[in-house]
Amino acid sequence: MLEFLVGKFNYYIYIFLMMIGFYAMIGKRNLVKKLIGMNIFQWSIILYFVSIGAKKGGSIPIVEGLSGHGAHIVSHASQYVNPLPHVLMLTAIVVGVGTTGVALALLLRIYNKYKTLEEDEILRKMK
Amino acid sequence: MNIYQLPFPIIVVFFPLFFAFLIPVLGWWKKSLCYPLAMIAVSISFFSSLIVANRVLRYGPLHYYLGGWEPPWGIEFSIDHLNAFIAVLVTSLSFLVVIYAKRSVEKELPGKEIPFYCLFLLLFTGLLGIVSTGDMFNLYVFLEIASLSCYALIAVGKDRALVASFRYVVMGTIGACFYLLGVGYLYIVTGSLNMGDLAVLLPPLYGNAVVQTAFVFILIGLGIKIALFPLHTWQPDAYTYAPSVVSVMISTAMAKTSIYALIRIIFSVFTLNFITGFLPIFDIICWLSAIAMIFGSIYAIMQSKLKKMLAYSSIANVGYIILGIGLSVSTTMGLTPALMHILNHALMKGCMFMVAGAFIYKAGLWDINNFVGLGRKMPYTCLAFILAALAMIGMPPSVGFISKWYLILAALDSGKYLLVAVIFFSTLLMIVYFWKVIEIMYIRVEERQEGEESEIRVDEEPMSMLVPGIILAFLCFAIGIVWISGIFSPILDTINSSFGLGVVP
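Chains as they are written, first to last, in my numbering: chain G, 1 to 127; chain B, 1 to 505.
Derived by calculation from the structure, the hints in this document are not laboratory data. Owing to the predicted nature of the structure, the values given are computational and were not obtained by experimental measurement. Warning: the hint list may mix true and false statements.
Which stretches of chain B does chain G cover? Using the computed rule of at least three CB atoms under 8 Å from a CB of chain G, they are [stated by the list, open to error]: (1) 138-152; (2) 383-392; (3) 470-483.
Pairwise CB distance ranges (calculated) [to be verified]: (4) B:Ser485 - G:Ala54: 57 to 67 Å; (5) G:Thr116 - B:Leu205: 42 to 52 Å; (6) G:Met1 - B:Asp159: 35 to 45 Å; (7) G:Leu2 - B:Ser498: 41 to 51 Å; (8) B:Arg376 - G:Arg109: 53 to 63 Å; (9) B:His63 - G:Met1: 46 to 56 Å; (10) G:Ile60 - B:Ala199: 28 to 38 Å; (11) B:Ser498 - G:Ala54: 58 to 68 Å; (12) G:Phe16 - B:Gln5: 45 to 55 Å; (13) G:Arg109 - B:Ala363: 26 to 36 Å; (14) B:Ile408 - G:Ala54: 51 to 61 Å; (15) B:Phe278 - G:Met1: 29 to 39 Å; (16) B:Pro24 - G:Glu118: 52 to 62 Å.
Residues on chain G that point at chain B, a partial pick, calculated with CB under 10 Å [stated by the list, open to error]: (17) Gly37; (18) Ile45; (19) Ser78; (20) Val81; (21) Gly96; (22) Ile122; (23) Met126.
Every residue, glycine too, gets a C-beta built ideally from N, C-alpha and C.
Model the full structure from these sequences, guided by the hints.
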């Protein structure tokens, strides 16, 4: 049982973080807090992706002294960390930064227009 | 070199992206260049998508490997009949939207042509990328390119646009993250991200809980993007307060592309065997869309703003399309009604949002109750609206009639008689809300003060805005006749047979 919990701790952490982010997005009334929740939500998924590529005792996936003859490399593939999820997450991080940037720009304009970032007050002012 | 040897699948996506970066550079030097550049980019995409479609029809699916890396490792662009159909739909509608955009943007967003056309082309790139790609992660990236530019485009609108856009950012990010998580789950069990490869690797794993969870995550994620009923909360405000051009673009091209992604993932990645062996997911989809059809129509009746009414009407019509997907396994018609309504709804809603934009352009009219006498002031614009409204209600031989006819046949075929009643009821509700607009535009008489001149000046919108609307209104009927004549049925049959649909077990 303990082994089950400890062996999969990375998944528990990502689900825990994801739920925190989800709660902040739905439960909080302040727009900045919503945005922070959104970020935690995104980063938890990135954490999940990065953790699935990792391997205990695995080395960096650079093959030395060889110029690409497939069979030899494949036989040692289990010794290397899987780089693909990490590379994918570079793209996902860029997307996440883009989303945060757009959201912050929106918040700036919302603040200039309504002079507040509390959702309740904004809704009251819009009526 | 023969022009037909050029890699057209990539040209369709590349040129809008390239021009999106060219516009800020050249626009900084000379602002008046923005519009022609956008026009050139969209035209190139339009014509290359026609060439791609032509080649797909002649020689079968096209594959293009980016950088020469072959599929399970590299990213693949694969175009089959379904992609070609949606790509032509997106590019041709965007072509009309760009014609419409010139005057509308000059009026609504003065001095902001450079960012507008740049973002517009990025949105266009994203949509075409979603349509062309054959890679799950690549689809996520293009989905986010389209969504990010869409958030920004909505935010420049009037009134409550900022808050609507922020709400869309939050909801859209949840959707995209759920999709990404689903892709991650598929990756840990198969080690592949290519759609064709996944379809081969997944069958032995259909009983696996991870694969089933991945399916649910992807379904919910894309459900948010297409504004399927319980996940639609961002949609009405975003459609309403976005600039007119953007409303047209997102209600036609963007919504349809997301639905395409859903169809592609349900039928191409998780094949039919998975769906039928899993939960009764299609029954759930059917009833959700039935609720969407009723709910959207009832809310549309309650609205006083024309664009908001059209937005709620879009929710109802997305319900029609999803109903077509839900019924596809249990009838001999397969996806035919859903694919028909994708094209049909894009034509009708595109026309209506263009007309709504024209009223705002000409007189700043948002509220339906202020439309008194418009039928005589803007005769051609209102004619386009009436044609589209008649098509929406389902007057034969319009496109709306065809989709409803096929949906009813499909529902009867699969023995779900209650859904037939839902379709009829929703049509009745549509008559109520469209008649309200037509009645005010044409029949209600304006109250005049004593001594005021009673002559009515014809005050039409500019030609470049009128013509695309009229073309779409005309197509609402022309395409209906084309559907009846059965010219497109070979395409639909090929799509159905490639997904293994159309044969009832």
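Hints versus structure:
1. 138-152: Three-residue rule met by the segment 138-152 of chain B, so holds; n is 6.
2. 383-392: Our answer is that it is violated, as 0 residues pass the Cβ test (under 8 Å) against chain G, missing three.
3. 470-483: Answer violated; 0 residues pass the 8 Å Cβ test.
4. B:Ser485 - G:Ala54: 57 to 67 Å: Holds: the Cβ-Cβ distance is about 59 Å, inside 57 to 67 Å.
5. G:Thr116 - B:Leu205: 42 to 52 Å: Holds, at about 50 Å.
6. G:Met1 - B:Asp159: 35 to 45 Å: Given range 35 to 45 Å: violated, Cβ gap about 57 Å.
7. G:Leu2 - B:Ser498: 41 to 51 Å: 50 Å, holds
8. B:Arg376 - G:Arg109: 53 to 63 Å: The hint (53 to 63 Å, Cβ to Cβ) is violated, given that Arg376 of chain B and Arg109 of chain G are roughly 40 Å apart.
9. B:His63 - G:Met1: 46 to 56 Å: 49 Å, holds
10. G:Ile60 - B:Ala199: 28 to 38 Å: Since Ile60 of chain G and Ala199 of chain B have Cβ atoms about 33 Å apart, the given range 28 to 38 Å holds.
11. B:Ser498 - G:Ala54: 58 to 68 Å: 39 Å, violated
12. G:Phe16 - B:Gln5: 45 to 55 Å: For Phe16 of chain G and Gln5 of chain B the Cβ distance comes to about 54 Å; the hint holds.
13. G:Arg109 - B:Ala363: 26 to 36 Å: 27 Å, holds
14. B:Ile408 - G:Ala54: 51 to 61 Å: 54 Å, holds
15. B:Phe278 - G:Met1: 29 to 39 Å: This hint holds: roughly 30 Å between Cβ atoms.
16. B:Pro24 - G:Glu118: 52 to 62 Å: For Glu118 of chain G against Pro24 of chain B, whose Cβ atoms are near 35 Å apart, the range 52 to 62 Å is violated.
17. Gly37: 8 Å, holds
18. Ile45: Ile45 of chain G check passes; min Cβ-Cβ to chain B is 5 Å, inside 10 Å.
19. Ser78: 13 Å, violated
20. Val81: It is violated, given that the least Cβ distance between Val81 of chain G and chain B is near 14 Å, above 10 Å.
21. Gly96: For Gly96 of chain G, the interface hint holds, since the closest Cβ of chain B sits about 9 Å away, which is under 10 Å.
22. Ile122: Nearest chain B Cβ about 6 Å off; hint holds.
23. Met126: It holds, given that the least Cβ distance between Met126 of chain G and chain B is near 6 Å, below 10 Å.
Hint compliance for this structure: hints 2, 3, 6, 8, 11, 16, 19 and 20 are broken, all remaining hints hold.
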